[in-house]
Amino acid sequence: MKRLLNIEYATIHGTYWMYYGVICSFASVFLLSKNYTNSDIGLILAVGNIVAVILQPIIADFADRSKRISILGITELLALLLIILTGGMFFFDNKSLALSGIFIMLVGWLTVIQPLINTLNFKLEQSGIHINFGVGRSIGSLAYSLLCAVLGSIVQRWGATTIPITGEIVLILFLISLIITNHHFKKC
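The opening position of the sequence shown corresponds to residue 1 in my numbering, with each subsequent residue numbered one higher.
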């Protein structure tokens, strides 16, 4: 079971960083296709990160105090939120305040999840399950680089609409990996 949780933890990192690649690394490609300027894109990413700075301590405090919802449960809920927000990207053909808001929230909430994934390592360790963080994080970096290479070719061939499609697929895989890890963690 312990080895399986190491694999699952690496899968969580892999899918998280793949989604990071979809949203943050391809932000310019997607938003330029919706008639945003480079200045608009820089502002959206900056505001998204400011939102994360505000949300992170709130979510961290909630995670520390919550007796009913675990870190994995909170992360699952945030993954569902990201699935909904990513789906919202399909409804806009051009630059709009709503699309800007969606993208700001995607960047903000995505950034909030990252420390939760790191904290999960410590929660597993406290339960007596040794997690090799270095391997998990390395898988994240490898998955990120592979996704960016593949997605670049896909976008070049089929256009920027493939970005939210890829995001939804990766988020579903992320959510599945969280649910499976949560199930196995409860058995330990």
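The hints are simulated quantities; they were obtained by calculation from the structure and are not laboratory data. Check the hints yourself; a few may be wrong.
[To be verified] Now the in silico label distances, taken between C-beta atoms and shown as ranges: (1) Q126 - A149: 32 to 42 Å; (2) S153 - D61: 15 to 25 Å; (3) A149 - I172: 33 to 43 Å; (4) I83 - I154: 14 to 24 Å; (5) K186 - L43: 38 to 48 Å; (6) T161 - V53: 22 to 32 Å.
[Stated by the list, open to error] With a straight-line Cα cutoff of 25 Å, these simulated DSS-like cross-link-like pairs (lysine-lysine) come out: (7) K95 - K186; (8) K95 - K34; (9) K186 - K123; (10) K186 - K67.
Cβ atoms here follow ideal geometry from the backbone N, Cα and C, with glycine treated the same way.
Hints, one by one, checked against the model:
no.	hint	verdict
1	Q126 - A149: 32 to 42 Å	holds, 37 Å
2	S153 - D61: 15 to 25 Å	violated, 42 Å
3	A149 - I172: 33 to 43 Å	violated, 21 Å
4	I83 - I154: 14 to 24 Å	holds, 20 Å
5	K186 - L43: 38 to 48 Å	holds, 43 Å
6	T161 - V53: 22 to 32 Å	holds, 31 Å
7	K95 - K186	violated, 45 Å
8	K95 - K34	holds, 5 Å
9	K186 - K123	holds, 12 Å
10	K186 - K67	holds, 15 Å
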